[in-house]
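4 protein chains.
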Amino acid sequence: MSASSGRHFLQIPGPTNVPDRVLRALAQPTIDHRGPDFAELALDVLRRVEPVFGTSGPVVIYPSSGTGAWEAALVNTLSPGDRVLAFETGHFATLWRDMAEGLGLVVDFVPGDWRHGVDPAVVAERLAADEQHRIAAVMVVHNETSTGVTSRVPEIRAAIDEAGHPALLLVDTISSLGSIDYRHDEWGVDVTVSCSQKGLMLPPGLGFNAISAKALAAAERARLPKSYWNWAPFLEANERGFYPYTPPTNLLYGLREALSLLESEGLPAVFARHDRHAAATRAAVRGWGLEVLCADEREHSSSLTAVLLPEEHDANKVRQIILDRFDMSLGAGLGKLTGRVFRIGHLGDLNDLTLAGTLAGVQMGLELAGVPVDPSGLRAALDVLRG
Amino acid sequence: MSASSGRHFLQIPGPTNVPDRVLRALAQPTIDHRGPDFAELALDVLRRVEPVFGTSGPVVIYPSSGTGAWEAALVNTLSPGDRVLAFETGHFATLWRDMAEGLGLVVDFVPGDWRHGVDPAVVAERLAADEQHRIAAVMVVHNETSTGVTSRVPEIRAAIDEAGHPALLLVDTISSLGSIDYRHDEWGVDVTVSCSQKGLMLPPGLGFNAISAKALAAAERARLPKSYWNWAPFLEANERGFYPYTPPTNLLYGLREALSLLESEGLPAVFARHDRHAAATRAAVRGWGLEVLCADEREHSSSLTAVLLPEEHDANKVRQIILDRFDMSLGAGLGKLTGRVFRIGHLGDLNDLTLAGTLAGVQMGLELAGVPVDPSGLRAALDVLRG
Amino acid sequence: MSASSGRHFLQIPGPTNVPDRVLRALAQPTIDHRGPDFAELALDVLRRVEPVFGTSGPVVIYPSSGTGAWEAALVNTLSPGDRVLAFETGHFATLWRDMAEGLGLVVDFVPGDWRHGVDPAVVAERLAADEQHRIAAVMVVHNETSTGVTSRVPEIRAAIDEAGHPALLLVDTISSLGSIDYRHDEWGVDVTVSCSQKGLMLPPGLGFNAISAKALAAAERARLPKSYWNWAPFLEANERGFYPYTPPTNLLYGLREALSLLESEGLPAVFARHDRHAAATRAAVRGWGLEVLCADEREHSSSLTAVLLPEEHDANKVRQIILDRFDMSLGAGLGKLTGRVFRIGHLGDLNDLTLAGTLAGVQMGLELAGVPVDPSGLRAALDVLRG
Amino acid sequence: MSASSGRHFLQIPGPTNVPDRVLRALAQPTIDHRGPDFAELALDVLRRVEPVFGTSGPVVIYPSSGTGAWEAALVNTLSPGDRVLAFETGHFATLWRDMAEGLGLVVDFVPGDWRHGVDPAVVAERLAADEQHRIAAVMVVHNETSTGVTSRVPEIRAAIDEAGHPALLLVDTISSLGSIDYRHDEWGVDVTVSCSQKGLMLPPGLGFNAISAKALAAAERARLPKSYWNWAPFLEANERGFYPYTPPTNLLYGLREALSLLESEGLPAVFARHDRHAAATRAAVRGWGLEVLCADEREHSSSLTAVLLPEEHDANKVRQIILDRFDMSLGAGLGKLTGRVFRIGHLGDLNDLTLAGTLAGVQMGLELAGVPVDPSGLRAALDVLRG
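Protein chains in written order, with full-length UniProt numbering: chain A, 1 to 387; chain B, 1 to 387; chain C, 1 to 387; chain D, 1 to 387.
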């Protein structure tokens, strides 16, 4: 246990800071998962989580990490040998591709530079070229947690429609849900994948699939083997507020409380807050004279910002100094960005002064690490926050 | 939220009562899962959980229910079309069989009457008959949560050895681990499956696989598709205290605290306590003039007792009365035992007076339901408890 | 930290078992005691605590034990040398007398046998004899925590009225408030003294004074020195939801939650529950062949029962055995009852099965201590509980 | 409940931010205050709190606010009509004077300008003039919470000694204990008064008196009436780990945890941290072009800083803007400083980034309120923090 005073600054792009109220909710006594109180809890959260996905359809909540929810999206809708279209937007898109291949799918993986989102024009082109409709699904990471780039799902949807292609649209919202505007139904997404430990402000341990009618129909035909991830027994048991196996009761307590917080603030206000914090963070980065990794103004993430360092500086050294001196965790560069970037998480349960403290810590850490920065960066961020 | 006063009596055979200390531990702030504090936590619990399984080998801890750990045991060690030997000891053995078949395994399912455990003689006989060693694994539920019958794993092991058969031994300890004596290494078990919400006194959300060297070798050859459940990336990441995907941090906090409780009481004392509580419960049941479902004195479960009612009485009606009048949850009869039995959980964080209150509630509930019982049953239990 | 499993049985007559919800409420972050959120909290609890006292007048809540609230009742209403009438109903009445004398009051202390409450006839007689109205106040302990005897306040009120005497009526409800029917306004009580750790189901740390208009008028003239306990600055600051000095914020969080629990169950149901549990406890005691200390059927306490042992047995030895073997705390005999009685608390957050477990533990402990008891005692209690 | 996201910034000079670990400790179940576990708790905290006061003598811990501990210091050592010497260093010194007068003491109150601490030369002069030794005690507020001025107790002690005067030295350390170096024994203090909700990082509800041998001797002769505050029964009961009345069990749980935190960081490191945070805060204030209220460089408080605004600005308006826009509480100007100053608390559980966020919020709030400030103030603070 560390001897440091005060609260740790957890400014990675998830797990995010869990609100005190949610932590206390987790500590409620576990109850009978076959009894009436549990059914009431489950029905309540299943109903109230739908608007967060922007859907009126079913949402399955697994006792799992988000990785499990990735797998669930694939095994419920696809069959061995199915072709899917995916995009190298960053580390997590690559991992999802690896999983798809490991499960026996054939992945068309469009290369990328890890600084841009999915290009809707490429989607249109690839689908148009697929005249025999052999592509069964398009896999998109909405917000690349490794890069801070947000793909434009409505434009991707439009591209699919334009091509008149029947492929399913599978979207990973792991680091966007509850932080960045997202609309499962309106955008015609078929499976939305998410998890608990980011915008939902919970500890890790819940995986989510929001499911369209088209995805449900696909599930009837899908032949990838599945047991734990099988939607069918969930949808049946959930009707009465139960689970096909022992449910993650205490995390559902936390979810109920977290949903109350989101409802109390209101989703539009939540999204506006994230937009504002992201803008302030970019103002700081640019004020310091550093580069934001995301290369397209239309694709800046509102939940995290990846900061590119000059080549001669090691981002992990900066992170270590900041952890040691200021008790703050930042996200590392992942995969081919290792050592090149660090990532500032500004999603979940956060306010202006915590962001100000965060950016002050980054500024001091950069200075201590010998990275040349203009200290007016912090002030530029405050100008945004002050409004 | 119920208006009733006092603490709910959660006397189902799991989830069990989570100790206050563990509940508070769950409420610690979530930390960076790639930072040094997490690594320290993970290495600590991975090391300290081994003795609970009676192993010095690796234990994988999944963010999942126990059902996931069932699946993990199968997909990591077996290939499509593999033959496995399983036994109809009750509802959960049947579900595990169903899963195995769903995953593409061929199951030899030895029928049973749900009142006995696995018969070691049948194991010996079946394996001896399998001269070509086509049976790849023997699947055993150590403690059948649906019946309160504990199979004799050492004798099963001896039967396998006697037959000179190379089959893997896969054992489900979901409702026995941390409650009933169990020895993964000594008994030559290859994969031990367990979960958090029973003897480990945690909320649901963690699945466990303890893995023998033989199972690790089998995993090299196993061809069932797997991603989330794949041992290999776990074993590699766990070496340094990390996870292949986002770990269930707050449940690991709880696990650390629960392990401290088990260590503080000492496993032999924990097992003796469960034995004593089970004996007291059986004394009550027999004192009431009712029948314990388990039909073999060598196989009584120390973690739960299933009580068989006279045919003309509905066990669910008894349970409902007890829930309504005494705020106590008991386990229902499952599968073909629905309405015929109710189950008293006496595992996990429990003491003599809570058991006395439990049995008093059962006695009063039976009386209120019009089941003819001899009220000296409770007193017989107290005679056991008083010693 | 004890190695014992399960939840400790805290069956002393206070501090009582604090409900989980209240414990979690205590753990909310402390806030600015001069800010709007605090004012809202304070106004809320001050308003909602009134019905628990049966008053529509002011209630002062001190950061103190109940002993402080005793002192507050005296120093706010009386002057040095004032004469008060008090009654030796037990240990706590004697301590309150000692305090009054220590503060410079002259106490007429009517002797008692510690098995009866205040005799209204003696009140009438003493006041009638005080023709010059030199007695400034009558001090009554509503429920003697040391004996389990409840004095009949309405009859005492009637006796005062009958005598036409202007004395103030000061009543200690420390172990009755929120457990036993009590009506400050209707019964014409002038100061009601109470505290947090009994029927209010909170940890110790709050002292209460409910104050009549007559007491407020008396306070104008009272000349005992006072600072911390002075009502006047409280009444002024409380108007706007503030405190004259730093308030006990976290205990007020707990109080808010505890009031919600009482409101949810409803005070009449709360009182009926206590009456029923007390009846069951007396049935057990008598069934064992032992004697309840309280000697008047009209005065049995519904919040605790003192059990008188045969002379040759040491009640403290029984308590020690019960603590060691069954992890249950019972109340000791106090003052001249040391070793002669033990006290079973059955107030606060309690249900039938916890009471059954409690009485089972007492029965087993008596047997282990060699006190001859008829084991049908427990069954007699269950007959009451089952109804 | 506010809809705002993130953690409230509680930067008043107490109550301070209670660490999560302490909040969870508060939520432990209340235990029997006459049992062995309580005795162990009480003996542990009584022993471990001594070094925080810098004493090896007794410390009494009351269930009370700090105001109660003020009263205790007076009533245990003094008699009606006794003369005491006190100093108008600010609002709280004035309130303590008022209390002393209310209790019947005669106070020589040396006027002050609320920008300086106690002048040791004046102490020397007044005591030298008191040839008949009629002054029974010198009352000093170590750290004036209303002004951010720390009096130099060692020099005051030297002044008393120089005068050869037998007066007791009574010191209020309410907002310095555990934050600013303090040594009860070494500095020859007779009664040190403190409370829980500042440097001890607890909720309000505990009052403390550390007591010298000379004070104990004075207590033998002191004739102010006392009951609740009487040291004698405390010192006797505390010997065995008990209390003369019901103790504040859950706050003592919190105290135990808070003492662990202080021990883990180490008192010298704790004091150095507070000094550094105070220096950073003053750097910000001066950088903004504003004035620190404390007028003597030797007397700057390390636990809070009072900021004087230009006459035409209302400090309460600034505070309101900061509360509304940035969810941060600051301390108001008290008494004659109302509207003229606001106070930044930087004591207790605090780290560099929270202080940076705090100062960023103050800077933005001043700007929004139209107070002319130089925005390089924050940067000056970061220069101090970065080192």
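No wet-lab data here; the hints were simulated from the structure. Any given hint could turn out to be false.
Distance condition first, Cα-Cα at most 25 Å in a straight line; then the derived SDA-like pairs of lysine to any residue [claimed, not checked]: (1) A:317 x B:237; (2) D:336 x D:133; (3) D:336 x C:124.
A partial selection of chain A residues facing chain C, derived with a Cβ cut-off under 10 Å [what the hints assert, rightly or not]: (4) 21; (5) 28; (6) 29; (7) 128; (8) 295; (9) 297; (10) 298.
Restraint-style ranges between C-beta atoms, simulated for each label pair [unchecked claim]: (11) D:297 x C:104: 24 to 30 Å; (12) C:104 x A:265: 43 to 49 Å; (13) A:265 x D:311: 36 to 42 Å.
All C-beta atoms in this analysis are idealised placements derived from N, C-alpha and C, irrespective of residue type, glycine included.
These are the hints, each one checked on the structure:
| no. | hint | in the structure |
| --- | --- | --- |
| 1 | A:317 x B:237 | holds, 22 Å |
| 2 | D:336 x D:133 | violated, 33 Å |
| 3 | D:336 x C:124 | violated, 55 Å |
| 4 | 21 | holds, 8 Å |
| 5 | 28 | holds, 7 Å |
| 6 | 29 | holds, 6 Å |
| 7 | 128 | violated, 57 Å |
| 8 | 295 | violated, 41 Å |
| 9 | 297 | violated, 39 Å |
| 10 | 298 | violated, 40 Å |
| 11 | D:297 x C:104: 24 to 30 Å | violated, 50 Å |
| 12 | C:104 x A:265: 43 to 49 Å | violated, 58 Å |
| 13 | A:265 x D:311: 36 to 42 Å | holds, 39 Å |
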